[in-house]
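S.K.: Knowing the structure of chain D, use the given hints to seat chain C on it.
Chains D and C are the protein sequences, given in the same order. With my numbering as the guide, the letters of the first sequence map in order to residues 37 to 290. With my numbering as the guide, the letters of the second sequence map in order to residues 15 to 240.
Note that these hints are calculated values from the structure, not bench results. Idealized CB from N, CA, C, for every residue including glycine.
Computed far set for chain C versus chain D, every beta-carbon distance over 12 angstroms:
1) D28
2) I52
3) T98
4) Q101
5) T102
6) L179
7) A181
8) K190
9) T194
10) Y203
11) N218
The calculated lysine-lysine pairs, modelled on DSS-like cross-linking and capped at a C-alpha distance of 25 angstroms, are:
12) C:K145 - D:K156
13) D:K39 - D:K221
14) C:K145 - C:K66
15) D:K146 - C:K145
16) D:K146 - D:K108
17) C:K31 - C:K172
18) D:K45 - D:K268
19) D:K278 - D:K268
20) D:K156 - D:K146
21) D:K108 - C:K145
22) C:K190 - C:K172
23) D:K221 - D:K156
24) D:K156 - D:K144
25) C:K145 - D:K149
26) C:K145 - D:K144
Partner residues aside, some chain D positions facing chain C, computed with beta carbon under 10 angstroms:
27) R85
28) N88
29) L90
30) D112
31) D113
32) R114
33) H118
34) M121
35) N125
36) F129
37) N130
38) L132
39) L140
40) V145
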Amino acid sequence: MAKPILTIKNLTKKYGENVIFHDISLTVNEGDTIVIIGPSGTGKSTLLRCINLLTCADDGQIWLDDLEITAKGCDDDRVRQHIGMVFQNFLLFNHLNALDNVMLGLTKVKHMKPDEARVKALRELERVGLADRAEHYPGQLSGGQQQRVAIARALAMDPRIMLFDEPTSALDPELIGEVLEVMRKLALEGMTMLVVTHEMGFAREVADRIVFLEKGSIVEEGPPDELFYRPKHDRTREFLWKITELYGKKDENK
Amino acid sequence: MADWLQLFQRYLPDFLKGAAVTIELTVVGLALGFVVGILLALARLYGPTWLKMLAIGYIELFRGTPLLVQLFLIYYGLPSLGVTLSQTISAYLALGLNSAAYQAEYFRGAIQSIGASQMTAGRAIGLSRWKTIWFIILPQALRLMIPAWSNEPISLLKTTAVVFLIAVQDLMAKAKRAATATYDPIGSYLAVAVVYLVMVIILNWGLKYLERKTTIPGFEMESKKA
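Isolated chain D, as found in the complex:
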């Protein structure tokens, strides 16, 4: 039986009276790529931030492997070391070049020796195809390259799971491909990934399971073929249709 890496049970998040999501349960097994889709404002990003403990959930529990990370007294900084996070706006450290961006976590969090950290960081940059950009600062890199450095930075920590929060939404269309390519490669290598995205092509091709989230609840989840061709709920069908139409229109305008 597949080993669960991340287990979410009855998770609820509110901002005051405003319920962001309600009673979410989700299991991510080792090596799985799960893609979360859904209209904006349905709490997808907040869900990822809760998993990474950047925001506190109001109710429910989250386990990383066998450790309940929502438990009282759990060391947040320790948990985050094992959860890689990639943001929509890259969020590279702007004063450090690509290599130092990747090295920082190794030397300051994992307390690796600089020489070892350097070797490891270069290997991670190689993995995302940017070894030749190691000395470049974020301001000198394209959006796609910045996002790949951000992926390398997260990978360097050897995370148990990688969270992607709309990693291509801030990119020009022609730069999306290179980032998706890296993510595709990661999935093939067996990295456990939880991805929020509107890239339906990626979802269909790479996801082991797709989760459709709307108004803070999981409407439907299942393998890509099932969701795309035999959705159980009308809302799923409507959403997918709308997204496809939207992206189709965008292509026409090009």
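M.R.: What follows is chain C alone, placed relative to chain D:
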């Protein structure tokens, strides 16, 4: 003109001694203000409420009262509370504590302009809050701050002139002495003005150099990109 040059020449060694004291006051005041200023800004931005209030209170108090009053309170006032400080130490303290209030606001502005997202990025790879501030936020904030903050050393260098009022032998005190000895206040004060001006020009040049040296490609103030 010839007379003035003669006066300038005669008193130059004395002025240079005074200038050395002025530079000392500026350096110590700036350094003390820098350290206290960073702490105040961090307290104001990241501290618990009581510390925030304390920092705001400090900043408002020191920016809202004349430096001269602060200097006199430290030098003439503290002895009545049993704390007697030398002239030099009093001058260092007054300049440093006063400058801290201004520098804190430069720091605060720079840190806020970096925004919370860099904090999120740091926390996401497992850095603690303070490590993120130290390794991520401050290195960026200090760079962004330099153009605006450059006013502070220049302003402070000229502000040090008030300390002659508690008989610290700075450049201004030397000017007063020269004026009394020569019965030529215009010549004396003009001569000292020249010395101040030269110091400021050199300092300004140094600050510009610092700004250039710390620039990071693609990470400048927006206005410079345009």
